[in-house]
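Novice: Spelled out from the first residue to the last, the chains are:
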Amino acid sequence: MSVPPAAATATPPNRAMSDFEAVYRANVAGITAFFARRCSEPQSVADLTSETFVEAIASLHSFDPGRGAARAWLFGIARHVYARHCERTATGHVAVAELAGRRELGEDEIEELATRIDDQLAGRQLLARLDRLPELERAALELVDLAGLTPHEAARALDVSPAALRVRLFRARNRLRREEDRP
Amino acid sequence: MSTFEDRLWSQLVDEHGHPMRRTPDTPAARATGRRRPAIVTGTAVAAAGLAAAAILAFGATTSAPPAYAVTTHPDGTVTVTLTDISALTGLNAELARDRIPATAVPLTATCPLHAPMVTMPSGTNPSTYTVTIVPADIPAGFTAIVGATENASGQVVLVQGAVRPPAPACFNSTPMPFHQIDLAHASPAVRAALARARQAAESAARR
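In order, the protein sequences belong to chains A and B. The end of the first sequence is residue 183 by the numbering used here, with every number in the run present. The end of the second sequence is residue 390 by the numbering used here, with every number in the run present.
Okay, chain A solo, but in the shape it has when bound:
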């Protein structure tokens, strides 16, 4: 995906902001799709995408471009954000926690996100089929085969070694293949 130049903002953007905008522009579609595979509500997809980038801004200081690609870093955050969302949903704290900072969507945005949710139908169905796989295998397969991360990036996002990631990915693909072969 090409990265457009930093958009003009109210205050003169410094290097950190323009760098982050480039990271945002390059990855926002992938992160939105990640949540569109998990939620069928446009507002939830918007909230979780927003929360991911807010967390990314808050942890900019700890982001070391030398350690790994921004994409792996963002998907790592997105996974944490989603896990927390599930935890909140389970404990009933979702209302207060998620209303903080929520931006009400315009009708055009709802329409746009609904389309993206529809676009992820196949991905959502695949995730549902992988439901019985161990979490790490499922995550490896999703990040590499659905989200398009390199195995190296997926390893960073999942905080495992590249070798471990490859093993998980291999197993997940094999399981999926066996399942497909089943009459």
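Calculated directly from the structure, the hints in this document are not laboratory data. Honestly, I wouldn't trust all of these hints.
One side only, chain A facing chain B, incomplete, derived with CB under 8 Å [said to hold, decoys possible]:
#1 Ser-50
#2 Arg-103
#3 Glu-109
Computed, partial: chain B to chain A, Cβ under 7 Å [what the hints assert, rightly or not]:
#4 Ser-185
#5 Thr-186
#6 Phe-187
#7 Glu-188
#8 Leu-191
#9 Gln-194
#10 Leu-195
#11 His-199
Small disclaimer: the values here were computed from a predicted structure and weren't measured. For glycine and all other residues, C-beta sits at the position ideal for the given N, C-alpha and C.
Starting from the structure of chain A, add chain B where the hints point.
Specialist: For chain B alone, coordinates are given in the frame of chain A:
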């Protein structure tokens, strides 16, 4: 770029862009650790051990945002956010830079100085985990204080009050008996509140 993505970017810059406007050497950039969202109740604030009746009883924890932020609203109110207690110096520098008559101080168990501060109406929005200072509520001759401490889970708890300047370097966070509270700098409102609290405590003790 889609409408959703453009609007989200604008929101990120407007509401959360603070750390990106700093150089990497500032406290905000150095501050460590993301904190998980949490709700702090009045009990948690009480557990922070604030002097009875001298500091208003509200608190807030922060949720994953910049280490600190100061936002001045069109109505003159000022929202202060702090997620990392080690960023107090940076927060105070920001308050000074924005010419806001408020000082953030740590509430510690070892500080020799106990409250009183003047109590102020709650300006805290529980859904955003920040403290909002309403300058119109600060009595003449006083300056706003944002007291910051951490609860047992390591989350920042903020309280708000006012003192006669200059602001002290810290406040003691442990509760103290009413009769030990130094009222030299307290406003009439605080003295009256403490007098009522003392009477209530004494009559309760007699029963």
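Novice: Against each hint, give a clear statement of whether it holds in the structure.
Specialist: We went through each hint and held it up to the structure:
1. Using the Cβ-Cβ criterion of 8 Å, the hint placing Ser-50 of chain A at the interface with chain B is satisfied: the shortest such distance is roughly 6 Å.
2. With a least beta-carbon distance of about 5 Å to chain B, the hint placing Arg-103 of chain A at the interface is held under the 8 Å criterion.
3. With a cut of 8 Å, the hint placing Glu-109 of chain A at the interface with chain B holds, because the nearest CB-to-CB distance is about 4 Å.
4. Contact between Ser-185 of chain B and chain A, as hinted, is supported at the beta carbon level, the nearest pair being about 6 Å apart and thus within 7 Å.
5. Interface hint at Thr-186 of chain B: satisfied, since its Cβ lies 5 Å from the closest Cβ of chain A, which is below the 7 Å cut-off.
6. Below 7 Å, beta-carbon pairs count as interface contacts, and Phe-187 of chain B has one with chain A at about 4 Å; its hint therefore holds.
7. Taken as an interface hint, Glu-188 of chain B checks out: its beta carbon lies about 5 Å from the nearest beta carbon of chain A, inside 7 Å.
8. A distance limit of 7 Å between C-beta atoms decides the matter here; for Leu-191 of chain B the minimum to chain A is near 6 Å, and the interface restraint holds.
9. Nearest Cβ of chain A to the Cβ of Gln-194 of chain B: about 5 Å, under the 7 Å cut. The hint holds.
10. Of the supplied interface hints, the one on Leu-195 of chain B holds, with its beta-carbon coming within about 6 Å of a beta-carbon of chain A, less than 7 Å.
11. Nearest Cβ of chain A to the Cβ of His-199 of chain B: about 5 Å, under the 7 Å cut. The hint holds.
Hint violations for this structure: none, all hints satisfied.
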